Amino acid sequence: MMSGRFSHNCANCEDKINRLVDGNCTAQERNLLLGEVKGCPRCFDQYEKVKNLKIFVHDKYPKKSASPNILNSIRDGISNIR
Amino acid sequence: MTELKTAEEKTSLLVQKGKMKRMSLSREEQEKIFYDEIWPHSDAVFNFALSLVLHEQDANDLLQDTMMKAFRSIASYQQGTNAKAWLFRICKNNFINEYRKKKSRPNTVDYEDQKEFNDSKEMVVDLREEIFHNLMGDEAQAAVNSLPVDFRMVVLLCDVEGFTYEEMSKILDIPIGTVRSRLHRARKMLEIKLEAYAKNLGYTKKS
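In the order they appear, the protein sequences are chains C and B.
First residue of the first sequence? That's 1 in the working numbering, and the numbers climb one at a time after it.
First residue of the second sequence? That's 1 in the working numbering, and the numbers climb one at a time after it.
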């Protein structure tokens, strides 16, 4: 847990930026982290980068479907398990 | 098979302690749970498998092995829990046990090399801006797939599949702190790779 008052250190902020972008924090922590990140131009810059990178990977990394042939083959295999 | 035996052992232990009722399922019930809760994640597992082995036929084999093992161990799956994470864990273990060991040299990361690589980076593009919109899926795929597999896994589980750090920790059998540090390093590596793509495509904004 974080206290309400703390001194900012950019080197210690990178993990916080990832947690913030990934939503791996409570609502209370999120408000504190966001306040800290927004208070430092360098960290806010990094926050924007990581956020964009996450969106980019999520949206552009290709998603393929398993072929119907392999799915049928798996179904057949399962039906043969006794 | 180690991980499935372990899961089975854990189930037995919980049953002995009276904390869990062992599922005594008919064949029909097993199939219902499997096809209702596990099967809908087939495409996600296939994508994950493909990103691990980087070859479609191997991904099909890994998917098949994963689904068959999942069905065989359906009694250790607790209905209504996180079926996708359960299945991904089987897939990851299968990959490590069956596929990764086939390689003559394991795909491991030299952290010192990686540190040198990170330290040598030269900022040439601004990733805050619309550079990403100009890059295509090919670049995303190439950049992610070029990461060492341990780093690739965390990026895919987090950014593509949306798992939490806790779920990733369970899937990968590593502490949450390791999940965080791998994710951080993976993103640093990705930044550098994508900056290089952007630069090659002429999208440099500043030097």
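Calculated from the structure, these hints are not laboratory results.
Owing to the predicted nature of the structure, the values given are computational and were not obtained by experimental measurement.
The beta carbon of each residue, even a glycine, is placed where N, CA and C say it ideally should be.
Take the hints with a grain of salt, since some may be wrong.
[Claimed, not checked] Partial list, derived from the structure: chain C residues whose beta carbon lies under 7 Å from chain B:
#, residue
1, A11
2, E29
3, H58
4, D76
5, I78
6, N80
[Unchecked claim] The calculated SDA-like cross-link candidates involving lysine to any residue, where the alpha carbons are at most 25 Å apart (straight line), are:
#, chain 1, residue 1, chain 2, residue 2
7, C, K54, B, D36
8, B, K170, C, H58
9, B, K170, B, D36
[Unchecked claim] Covered by chain B, according to a simulated footprint, are these stretches of chain C (three or more residues, beta-carbon under 8 Å):
#, segment
10, 36-43
11, 63-74
Each hint, compared with the structure:
Given the 7 Å rule on beta carbons, the hint for A11 (chain C) is violated: about 12 Å separates it from the nearest Cβ of chain B. Below 7 Å, beta-carbon pairs count as interface contacts, and E29 (chain C) has none with chain B, the closest being about 13 Å; its hint is therefore violated. For H58 (chain C), the interface hint holds, since its Cβ comes within 7 Å of a Cβ in chain B; the closest pair sits about 5 Å apart. Of the supplied interface hints, the one on D76 (chain C) is violated, with its beta-carbon coming no nearer than about 10 Å to a beta-carbon of chain B, more than 7 Å.
Interface restraint check for I78 (chain C): the shortest CB-CB distance to chain B comes to about 5 Å, inside 7 Å, so the restraint holds. Interface hint at N80 (chain C): violated, since its Cβ lies 10 Å from the closest Cβ of chain B, which is beyond the 7 Å cut-off. Restraint check for K54 (chain C) and D36 (chain B): not satisfied, since their Cα atoms lie roughly 30 Å apart, outside the 25 Å limit. Of the supplied pair hints, the one linking K170 (chain B) and H58 (chain C) holds, its CA atoms being roughly 21 Å apart against a limit of 25 Å.
Distance check on the hinted pair: K170 (chain B) and D36 (chain B) sit about 23 Å apart at the alpha-carbon level, within 25 Å; holds. Counting residues of the segment 36-43 of chain C whose CB lies closer than 8 Å to any CB of chain B gives 0, which falls below the minimum of 3, so the coverage claim is violated. Judged by the Cβ-Cβ criterion of 8 Å, the segment 63-74 of chain C is covered by chain B as claimed, because 9 of its residues qualify and three suffice.
The structure fails to meet hints 1, 2, 4, 6, 7 and 10 from the earlier list, while all remaining hints are met.
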